[in-house]
Structure formats: C-alpha cells, structure tokens
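Undergrad: Below, each chain spelled out in residue letters.
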Amino acid sequence: MTLEPYLLYALAGVGLFAIGLEALIARAHLLRKILALNVMGTGVFLFLIAIAYRSEPLADPVPQAMVLTGIVVSVCATGLALALAHRVQTTTGRMELPENDEFDA
Amino acid sequence: MTLWDTAPWLIWSIVLPLSAGILTFLFRRAAPWIGIITTLGSAVSVAALAGQVTHAGPLRYSVGGWGVPLGVDLRADGLSVLMLGMSAVIAVAVSVYASRYFSDSDATDKHTAQAHQRAYFWPLWMFLLAGLNGLFLAADIFHLYVTLELLGFAAVSLAALAGKRAAVAAAMRYLLVSLSGSLFFLFGVAILYAAYATVDLTALAGKVQPGPLAWSALALMAAGLLIKGAVFPLHFWLPPAHANAPTPVSALLSALVVKASFYILLRLWFELFSTVVTPAAASFLGLLGAGAILWGSAQALNQTRLKLLVAYSTVAQLGYLMLVFPLAQHVGSALTAWSACIYFVLAHACAKTAMFLAVGNIAHAAGHDRIAELDGITQALPLSVAAFALAGISLIGLPPSGGFIAKWMLLQAAISSGEWGWATLILAGSLLAAAYVMRVLWHAFTQVAVARPLHRVPRTMEWSALALSLLAVLLGLMAARPVELLRSGAPVSIHAPGQT
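In order, the protein sequences belong to chains A and B.
Each residue of the first sequence is one higher than the last, beginning at 1 in this note's numbering.
Each residue of the second sequence is one higher than the last, beginning at 1 in this note's numbering.
DMTMM-like mimics (lysine to aspartate or glutamate), calculated; alpha carbons at most 20 Å apart, straight line:
| id | chain 1 | residue 1 | chain 2 | residue 2 |
| --- | --- | --- | --- | --- |
| 1 | B | LYS164 | A | ASP101 |
| 2 | B | LYS207 | B | ASP73 |
| 3 | B | LYS164 | A | GLU96 |
| 4 | B | LYS164 | A | GLU99 |
| 5 | B | LYS207 | B | GLU271 |
Hints listed in this document are in silico derivations from the structure and should not be mistaken for laboratory results.
Quantities reported herein were computed from a predicted structural model and do not represent experimental measurements.
Work out the full structure, taking the sequences as your base and the hints as a guide.
TA: Right, here's the structure in full:
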C-alpha cells in the first residue's frame, strides 16, 4: 500500500491538532493557550484541504468553502480571546488563569 | 391554505433576533423594548411553526432557494419545535426581567458599570438567541458547528459582562473550553465529510456505517459536545462562569446554552450514528450522568453561596439527560426514554430560569447571596421565595410539576426494561435535590424579629420569576401535547440504536 500524498497531509493535520491540544492543556500562559487553539484549528483546516484533493483532477470545493468559513470563525475567536486575555491581565496582573475558581462578592 | 399556514415561519425565529441584535446596538435607549418585542415576535413565529409541524409533519426550507449541496437548509421537526418553544418562552421572561434588572439605578456608585452592562447585554443576548434558534433548525452538521460557535461567542461575552476579576477569569476559561469543544466537533465533521462526502444530516443518516472512521468521528464529536455541555467530569468550567455572570445571563446560560450541546448530541446519537453506537458507549454516557447527579448534588449541598448552589444543581440535572442513552437501548422503552429526556430539558429550563431569577432578586434585596445569612428573607420577598420553592418542586420532581412527569417517564423506562440501577439513581438524585432546596428554604423561612434594611426589588422582576416557576409546575399538567409533537420525526419509534 502506497501512501497517497493527500493522506500524508491529512495525517499532518491530525498531528497538528494533537500538538495544539497538548499545548492547550499543558501551557499556562494565556497567549500560548490561544496560539494552541489556532494550531488545533489549522490542523482541522489542513485535514479538510487534504481531503478536498482526493477527487482528481479538480479539487472538491465544499471542504474549501468550509475552511473559508472556519477561518472567519477562527479570526473572531482569536480576537475575542485576545480581548479577554488582555482584560484578565489588567484585572489580575497576570497572563494566566487563577489556579482556583474565584467568586466576586 | 392561507398565507399564515404556508409562510416560512422558521426563518423568522432567526431573522428577528439577528436584526434586533443590530438595532439594540444602534438604539441603546430603546434596547429593552426592542428586545421584548423581538422575543414576543419570535415566540409568535415559533407558535405558527408548531402549528405547521403538527399538521404537515417535519418541514424543510432552503435559505435563498439554493438547496443542498450549495446552500444552507433549515428543517424543523417535533424536537426542534419543542426546543424553539422552550427558548421562546424563556426568552420572553428573561427579557422582561432584564428590562428592569439593567435599568434599576438603586446603586448610583455603580452607575457607569451598569450603563456599560445594559449597553452590551441586549445586542449580545439577541445574537445569542439568533444562534440558538439557528442551531435548533440546522439541517447539516457544518451549520451546527457554525451556530455552535456563534452561540459560544455570545455566551462567553455575556458571561464576562460583569467585568470583574472573577467573572473575566471564568469567561476566559469558558471561552477556551468552548473553542476546544467546537474544534473537536469540527474535526468530527471533517472526518464524516471525508468518509461520506456530505454534511446533510438526513443524507448522512442513511450512509453512516460502523467502522474506524465513523467511530472516530463519533468519539471526537461526542467529546466536544460533552465538554461544551458541562457533563461530569468536564463540568469544571460551568459553576464559576454561571455564578459570576449577571442574573439574567446566569439564567440563560444554565437554562438554554448548555442544552444546545445536548440537543446536538441527541441528534447525532439517535439519527446519525444510530447504527454505530454500542450498548457499552451508551452505558458509559449513562455512568457519566450518574457521576454528574451524585457529584453535582453533593457539591450543591456544600455551597455557602446561593448562586453557586444553583449552578451546581445545573451540573446535577444535566446528568439526568445522559440517562436517555442507556435507557433508550431497549426497543420497548426507547420512545418513553426519549420523550422523558426532552420533557426533562423543557422542565429544567423553566425551573432553572425561575430559580436563577429568584436568586437574583434575593441577592439584589439582601446585597449578598450567602445562604446562612438569608434568615427572614421570606418576610421581605415572599414572591421570590415562592418562585424559588416552586422551581425547587420541579427540580426535585414532586407532582404535578414538569420535573415530576419527566422523572416518572424516566422511571417507567428504567423499570419496564428491568434497569433497577438507573431507577435507584433517579430516586437518589431526587432526594439529594430535595436536600439542597430545603437547605435554602430552611434559612429563608426562619423568622427574625427585625428584618435588616433591604434593597427594593422591582415588581416586574419578582413576577417574571414567579410566572416561570408556575409554568415549571404546571408543565406536568399539560404533558400530552408536547409528547405528541415529539413523535413528529422522532428517530426512536421504529428502532433503538445498537439493536439494528
């Protein structure tokens, strides 16, 4: 069995997703967590782009449309996450989430 | 056929809140009125849609006339109509409550913070409602992903609305959890598309076969939805996010937003993967539910703060929903279990909203929500304490409440299929719920000689909590119609998953 090129890219997408997930859980710094989510997202996008190339000679447009939508969502998500992270830093003075849950009086 | 019968009502439940999101952002002074009118209009369109589905069966609508595979289709069956109805009722009550909650200027020192909250609450809440209604009407799994994200963004922003240190940290954690959950879901969507070259729910349902691809898609999607739905042990983010939000937001998050993930899980499990799921996987989800009921209730009993107690009660009640998966395994009890769990969703939504609104009133009047110091609150706020107690009746599952009917049907399903373990668990959960509700009422009903000076609570806020709690109790008396509506397009009547 030969490894088709598209399958290689699809597996790379799976790998990126796994790396991102590891960083999301293991890293404390919020910026790293946000980047980790972006890496996970890129993994899924790469997977989608790879499977679009199964149908030779023309690529399947549906996964590409999904990736475009996904990128828009991911940009919004990153924007919101960065704004919140900035707010966390101004209120707590740290770029990390507190270890224990807190409650405002 | 009149225009009323044939009009595409389902589109209005999305279009109205979406337009209102923009209008409330532009016209801040009129925002509460725009919000209330929109939720009423959306409720009317849902009622008309319910009529259509009752008469003509499940509906499908191609947005813009494009159709599959280019365009986005919407569809409505009994389950989506009931979910839309639930969100419509909660939406009206919460909007009425919020119109006073954010405009009450008792605390002049917090005036700027309050103006800020009022300015952003309405647009975000309208976008949340649009996302939610879009999710309940989605006909394909990619549309489900997009609406899940829209819902998540609005929910996170609302959770951060208070702007204080703890609320912002809780919202940040919520966002990270929500985004990773959505990415898991999206990965499942990608795998399903890779395997079957379609994202349409109906088309996929006929194509999905057991195999490594289907299993990995199911595992990824279920994992994403379980974390977004705060199912034990992935519930860690829920209590701080829900307890630190302003009262109307806590109610919306607990009553509606977590249910969206459960709704998708239900659709996937019983429609898409009905040939893939195994009894072992169903029992596993049931065990998670059992953990949620026991752990969530125990934590609720341990809390010193009222809002946190209610938030942990949400964790416990979500556990009951997971019991549908093992109980629907048996062909004979599948429809009972399915109806029971949907009814549970409806009853919990009403009861939990009422409870959070009542708790908001109590906290507003007393200036704190420490359970041990609530002695004599009944003398000051009889209506809100009554709302709390009535909502508690439904959460415990005492007749004739909606919670009672739901638990009764769950018990019926468990007993008729000989599942005594699940039956015991359902009863144990009720006892625990009774314990934590009683604990609050014990303090609330303690008579004290002189009540401390309390903040005034607007009457609208008291009545909207009471109205919803009455609805939660009365839901038990009108169970027949929703249960009948549920059969329209119900995926469990013919076969049970794992037994085909």
